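Enquirer: The opening residue of the sequence shown carries number 129 in the numbering used here; numbering runs sequentially from there.
These are calculated hints, taken from the structure and not from any lab test.
There's no promise every hint is true.
Stated by the list, open to error - Simulated pairs of lysine-lysine, DSS-like, Cα-Cα distance not exceeding 30 Å: (1) Lys272 with Lys312; (2) Lys272 with Lys290; (3) Lys251 with Lys272; (4) Lys204 with Lys170; (5) Lys272 with Lys204; (6) Lys240 with Lys152; (7) Lys185 with Lys204; (8) Lys240 with Lys170; (9) Lys272 with Lys232; (10) Lys290 with Lys240; (11) Lys204 with Lys152; (12) Lys248 with Lys290; (13) Lys204 with Lys175; (14) Lys170 with Lys290; (15) Lys175 with Lys290; (16) Lys152 with Lys290; (17) Lys290 with Lys232; (18) Lys276 with Lys248; (19) Lys248 with Lys312; (20) Lys152 with Lys268; (21) Lys290 with Lys185; (22) Lys185 with Lys240; (23) Lys248 with Lys152; (24) Lys232 with Lys175; (25) Lys276 with Lys251; (26) Lys185 with Lys175; (27) Lys152 with Lys312; (28) Lys276 with Lys232; (29) Lys272 with Lys248; (30) Lys175 with Lys276; (31) Lys152 with Lys170; (32) Lys185 with Lys312; (33) Lys204 with Lys290; (34) Lys152 with Lys185.
The model shown is predicted, which means the values in this text are computed figures rather than measured ones.
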Amino acid sequence: MITDILICRTEGNICIHTATEADKSDYIAFESDTSLMNSLQKAFSDKGIDIGEIIWKERYDSDCIMFAIIEISTEKTVGFCEIEHIYSDEPTIGITLAENCRGKGYGYLAAKMMIEEGWKIFKHPYFIWELDRENIASRKLVLKLGGKFVNTRCALSEYVIKVMRENDVEINADNYSDSVERYKIERPASLII
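Taking the hints into account, I'd like the entire structure generated from these sequences.
Expert: Right, here's the structure in full:
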């Protein structure tokens, strides 16, 4: 993970800041709250493997910049947003937000700030936003941010599939083959360099 680009930005009732090792336990807690992670945790727990640690390592070792989302009034971490695959042709963004903070505009503000900061730092013509197919709120959010549908993909990353194979962990990957929708958010013309 890219941690030498330090960003801290506030808008409305939230602040985003570049996530570091200090944010690890909060990140794992948020990731553990998804249905995919629940399935993976069950499959890996039989092998004595903490999938949360594996997911954090994947993020931490990759070309990814992650931001913790902080609710200003409580000073608590209420989610994470990230730009992954920064050095690829398709940098990918996403967000995870605490259930009790949804519907307050926090996701929109955090994603908007992250995307604006991303345009300042990286020269990509667009970002890809990925979301679980059943996540209607995230779909509405990406559309509000100007996203256009591109295609679908498997929710399991190549890294997680590799770790599963190495540890003889079985999960029906077919259940996740078309479970992520992908949207393109293009760089505004005013920011084209």
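Enquirer: All hints, please: hold or fail.
Expert: So, going through the hints one by one against the coordinates:
Only pairs whose Cα atoms come within 30 Å are accepted, and Lys272 paired with Lys312 is accepted, the gap being roughly 12 Å. Of the supplied pair hints, the one linking Lys272 and Lys290 is violated, its CA atoms being roughly 35 Å apart against a limit of 30 Å. Using a Cα cut-off of 30 Å, the hinted pair Lys251 and Lys272 holds, with the two alpha carbons roughly 22 Å apart. In summary, the hint linking Lys204 to Lys170 is supported, as the alpha carbons are separated by about 28 Å, within the 30 Å threshold.
Only pairs whose Cα atoms come within 30 Å are accepted, and Lys272 paired with Lys204 is accepted, the gap being roughly 26 Å. Among the hinted pairs, Lys240 with Lys152 is consistent with the structure: their alpha-carbon atoms are about 23 Å apart, no more than 30 Å. Note on Lys185 and Lys204: the hinted pairing holds, with a Cα-Cα distance of about 23 Å set against a maximum of 30 Å. Our distance criterion of 30 Å between C-alpha atoms is broken by Lys240 and Lys170, whose separation comes to about 34 Å.
For the proposed pair Lys272 and Lys232, the alpha carbon gap of about 15 Å is at most 30 Å, so the pair holds. A distance of roughly 33 Å separates the Cα atoms of Lys290 and Lys240; the hinted pair therefore is violated under the 30 Å criterion. A threshold of 30 Å between alpha carbons decides the hint, and for Lys204 with Lys152 the separation of about 14 Å falls inside it, so the pair holds. Taking the CA atoms of Lys248 and Lys290, the gap is about 34 Å. The hint is violated against a cut of 30 Å.
Pair hint Lys204 plus Lys175 does not hold up; C-alpha atoms about 33 Å apart against a cutoff of 30 Å. With a C-alpha separation of about 17 Å, the suggested pair Lys170 and Lys290 falls inside the 30 Å cut-off, and the hint holds. With a CA separation close to 15 Å, the supplied pair Lys175 and Lys290 stays within the 30 Å bound. Of the supplied pair hints, the one linking Lys152 and Lys290 holds, its CA atoms being roughly 22 Å apart against a limit of 30 Å.
Distance hint between Lys290 and Lys232 is unfulfilled; the C-alpha atoms sit about 38 Å from each other, more than 30 Å. At roughly 21 Å between alpha-carbon atoms, Lys276 and Lys248 fall within 30 Å of each other, so this suggested pair holds. The straight-line distance between the Cα atoms of Lys248 and Lys312 is roughly 18 Å, inside the 30 Å bound, and the hint therefore holds. Straight-line distance between C-alpha atoms of Lys152 and Lys268 comes to about 28 Å, which keeps the hinted pair within the 30 Å bound.
For the given pair, Lys290 sits about 14 Å from Lys185 by alpha-carbon distance, which is consistent with the 30 Å threshold. Annotation: proposed proximity of Lys185 to Lys240 holds, straight-line Cα distance about 26 Å (limit 30 Å). In summary, the hint linking Lys248 to Lys152 is supported, as the alpha carbons are separated by about 26 Å, within the 30 Å threshold. Using a Cα cut-off of 30 Å, the hinted pair Lys232 and Lys175 is violated, with the two alpha carbons roughly 40 Å apart.
Between the alpha carbons of Lys276 and Lys251 the distance comes to roughly 19 Å, so the proposed pair stays at or under 30 Å and holds. Annotation: proposed proximity of Lys185 to Lys175 holds, straight-line Cα distance about 18 Å (limit 30 Å). For a cut-off of 30 Å, the pair hint linking Lys152 to Lys312 stands: about 28 Å separates their Cα positions. At roughly 23 Å between alpha-carbon atoms, Lys276 and Lys232 fall within 30 Å of each other, so this suggested pair holds.
The suggested pairing of Lys272 with Lys248 holds, with an alpha-carbon distance near 21 Å, which does not exceed 30 Å. Annotation: proposed proximity of Lys175 to Lys276 is violated, straight-line Cα distance about 40 Å (limit 30 Å). Taken as a hint, the Lys152 and Lys170 pair is honoured in the structure, with Cα atoms around 21 Å apart against an allowance of 30 Å. As the CA atoms of Lys185 and Lys312 are separated by approximately 27 Å, the hinted pair is consistent with the 30 Å bound.
Among the hinted pairs, Lys204 with Lys290 is inconsistent with the structure: their alpha-carbon atoms are about 34 Å apart, more than 30 Å. Pair hint Lys152 plus Lys185 holds up; C-alpha atoms about 10 Å apart against a cutoff of 30 Å.
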